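K.L.:
Heads up: the sequence lines are chains D and V, in that order. Note that the numbering used here numbers the first sequence so that position 119 is 447, with each residue one more than the last. Note that the numbering used here numbers the second sequence so that position 266 is 594, with each residue one more than the last.
If you're looking for bench data, these hints aren't it; they were derived computationally from the structure. One should not assume that every hint holds.
It does not matter which identical chain is meant; a pair holds if it fits inside one copy or across any two.
[Said to hold, decoys possible] Below, simulated SDA-like cross-link-like pairs (lysine to any residue); rule was C-alpha separation at most 20 Å, straight line:
no., residue 1, residue 2
1, Lys438, Asp462
2, Lys564, Arg357
3, Lys380, Arg626
4, Lys582, Ala563
5, Lys380, Glu349
6, Lys541, Ala593
7, Lys582, Phe540
8, Lys438, Ser536
9, Lys336, Arg366
10, Lys336, Asp462
11, Lys438, Pro422
12, Lys380, Ser565
13, Lys534, Phe394
14, Lys438, Glu497
15, Lys503, Phe614
16, Lys503, Arg366
17, Lys534, Leu352
18, Lys582, Ala400
19, Lys541, Pro354
20, Lys380, Leu351
21, Lys534, Pro463
22, Lys380, Leu416
23, Lys541, Thr361
Computed from a predicted structure; not experimentally measured.
Spelled out, the chains give:
Protein chains: 2
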Amino acid sequence: MTHSFEQKLNLAATQVEDALEGLLSPQARPGETRRPARLLAAMRHAALGGGKRLRPFLTLETAGLFGVAPEAAMRAACAIELIHCYSLVHDDLPAMDDDDLRRGRPTVHKAYDEATAILAGDSLLTYAFDVLADPATHDDAALRCQLVRHLALAAGLGGMAGGQALDLEAERSDKPLTFDEVLEMQAMKTGALLQHAVEAGALLGKASPAQFKRLSRFGALIGGAFQIADDLLDAKSDAATLGKRAGKDAARNKATLVSILGVDAAEQRCDSLIDEAVGALQGLEFGSRTDVLIDAARFVAGRTS
Amino acid sequence: MTHSFEQKLNLAATQVEDALEGLLSPQARPGETRRPARLLAAMRHAALGGGKRLRPFLTLETAGLFGVAPEAAMRAACAIELIHCYSLVHDDLPAMDDDDLRRGRPTVHKAYDEATAILAGDSLLTYAFDVLADPATHDDAALRCQLVRHLALAAGLGGMAGGQALDLEAERSDKPLTFDEVLEMQAMKTGALLQHAVEAGALLGKASPAQFKRLSRFGALIGGAFQIADDLLDAKSDAATLGKRAGKDAARNKATLVSILGVDAAEQRCDSLIDEAVGALQGLEFGSRTDVLIDAARFVAGRTS
Chain D
329 MTHSFEQKLN LAATQVEDAL EGLLSPQARP GETRRPARLL AAMRHAALGG GKRLRPFLTL
389 ETAGLFGVAP EAAMRAACAI ELIHCYSLVH DDLPAMDDDD LRRGRPTVHK AYDEATAILA
449 GDSLLTYAFD VLADPATHDD AALRCQLVRH LALAAGLGGM AGGQALDLEA ERSDKPLTFD
509 EVLEMQAMKT GALLQHAVEA GALLGKASPA QFKRLSRFGA LIGGAFQIAD DLLDAKSDAA
569 TLGKRAGKDA ARNKATLVSI LGVDAAEQRC DSLIDEAVGA LQGLEFGSRT DVLIDAARFV
629 AGRTS
Chain V
329 MTHSFEQKLN LAATQVEDAL EGLLSPQARP GETRRPARLL AAMRHAALGG GKRLRPFLTL
389 ETAGLFGVAP EAAMRAACAI ELIHCYSLVH DDLPAMDDDD LRRGRPTVHK AYDEATAILA
449 GDSLLTYAFD VLADPATHDD AALRCQLVRH LALAAGLGGM AGGQALDLEA ERSDKPLTFD
509 EVLEMQAMKT GALLQHAVEA GALLGKASPA QFKRLSRFGA LIGGAFQIAD DLLDAKSDAA
569 TLGKRAGKDA ARNKATLVSI LGVDAAEQRC DSLIDEAVGA LQGLEFGSRT DVLIDAARFV
629 AGRTS
């Protein structure tokens, strides 16, 4: 991890924060009656003031490979972050993972109430598509539609939401998931949106089919590595470091690759996914310009918070 | 209400049901990993087998004014119904309106569980935008983007979800809403999506700005009438007729136009909104072709179930 990578990541996070702040302003736009204060405050609690902004970073950096300026990719990047934030709000609900703490702060249903958390999640989800379809995002309507479709596919029943459903089902079942079932569930639950973050950058950059395929593969691989790193973190960390409840996977007897493979083999698998991801980038003709994405892949695997 | 109107409405409901059945098939599409069985079943429970399909009917009939065939408007109409169905699933949750019964059947969280209901709602919501942005919906990408944006604006924090938030807030507050506040809340909570259903038809028909404006006004007016009719139904009906819990507004001391104005004045207001809605159509150059929409407006106000 280079010093300059962390600077880049932090700079992008600041820019994403600013852009989200603009999107979540109290001012209603044409087509909105008004923005109810408490609902908006809950959405802002969920979306502002924290997070590495890894998904938007991947979108911005992938688009950047093709010469797309960060400001031109920013709205699409923010739409993905809105989806990520909605998913955290709903996953934290008592009926789901029942978490009180997120990024060291009370979760939305704790800071507000359950109904407001449900509606804030719904509204963040809905807003993501509003943002994407808006001509301000890109002047090519066909591209905007592609972004909407790809994001909906990544987030919906055949992607993130479906993965969360499979995870909950497994947790409530007597039969632990097999290795392959864990892989599939995780690819849906966390992999799909990370992969989409890279793919969205490729779409914005008008990547060729061959380029798109390699970048998509890169996204899928770092998605897999991310989930292992997250499970390792849960297994080894404590709440103070994590900013959320730790050790909860083991407490729930939850099947993860760490519980199936053990810590050492899981770490090895994570590393080899990253090596493969780096390999997927090396077939691209961008030379050293992919270095940031390579750093990002390593960051995904080696993060400590 | 003509016999032929009810036939038309029922025929459209059958066609909408068929189209939704196709959209909610077990078969994953490209871009989806797979469709988890229990989640899909909950989505199907929410979206299939019931309902007047009033919103899609309005879209189909409005598009029909401009010569758009029902099959060409069907996917856009279904997207609106998916949003409507998601909103019912989430509104019925224990943390929201806490309803056990919907259309005479158990609500989704009763038939499945709360987590599945949350995810089924999320997935229906997400799917609506997938459907709209798909080239199969229309060959004009700019139009598809318009449909996405308009629907998101109608459904999001400045529309339906915001209206539900205001309604819940009022219910939990000591201070009842004023007449104007009830109007605004209802325009957001139920009016916005009904209005959008008409507007979507106008967008599909490439209505002129003047035509769009009149049709939009028509949609807003019948949205207002619909909510009064719904509140009247709740005040006067019983659960057997309604297929859901009745008298719950009064039980919650909820401010509605019926509680503020009384039954007679509310009925009068409903009728005059319908007259105004019919007037908005009369400025259009479609002659007797608007008769079905006029019937629909009267149906909205006079429905008994």
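K.L.:
Check Lys534 against Pro463 for me: Cα-Cα at most 20 Å, and say if that holds within a copy, between copies, both or neither.
P.N.:
Classified as both; 17 Å inside a copy, 18 Å across copies.
K.L.:
Could you place Lys503 and Arg366 in one of the four classes (within, between, both, neither) given a Cα distance threshold of 20 Å?
P.N.:
Answer is between: at 16 Å across copies they meet the 20 Å cutoff, but 42 Å inside does not.
K.L.:
At 20 Å max between alpha carbons, let me know whether Lys438 reaches Glu497 within a copy, between copies, both or neither.
P.N.:
between (24 Å within a copy, 16 Å between copies)
K.L.:
Given identical chains, is Lys380 near Ser565, meaning Cα to Cα at most 20 Å, within a copy, between copies, both, or neither?
P.N.:
within (18 Å within a copy, 53 Å between copies)
K.L.:
Within a copy, between copies, both or neither: which one fits Lys564 and Arg357 at a CA-CA cutoff of 20 Å?
P.N.:
neither (46 Å within a copy, 38 Å between copies)
K.L.:
At most 20 Å between C-alpha atoms: does Lys380 with Leu351 qualify within a copy, between copies, both, or neither?
P.N.:
within (19 Å within a copy, 36 Å between copies)
K.L.:
Which holds for Lys380 with Glu349 at a C-alpha limit of 20 Å: within a copy, between copies, both or neither?
P.N.:
For Lys380 and Glu349, the Cα distance is within 20 Å only inside one copy (16 Å; across copies 40 Å).
K.L.:
Given identical chains, is Lys380 near Leu416, meaning Cα to Cα at most 20 Å, within a copy, between copies, both, or neither?
P.N.:
within (14 Å within a copy, 35 Å between copies)
K.L.:
Within, between, both or neither: how does the pair Lys582, Ala563 come out at a Cα-Cα threshold of 20 Å?
P.N.:
within (11 Å within a copy, 48 Å between copies)
K.L.:
From the Cα coordinates, with 20 Å as the cut-off, is the pair Lys503 and Phe614 best called within, between, both, or neither?
P.N.:
Cα proximity of Lys503 and Phe614: none, with 46 Å in one copy and 62 Å across.
K.L.:
Is it within a copy, between copies, both, or neither that the alpha carbon of Lys380 lies no farther than 20 Å from that of Arg626?
P.N.:
within (14 Å within a copy, 54 Å between copies)
K.L.:
Can you tell me if Lys336 and Arg366 fall within 20 Å by alpha carbon in one copy, between copies, both or neither?
P.N.:
neither (34 Å within a copy, 42 Å between copies)
The structure fails to meet hints 1, 2, 6, 7, 8, 9, 10, 15, 17, 18 and 19 from the earlier list, while all remaining hints are met.
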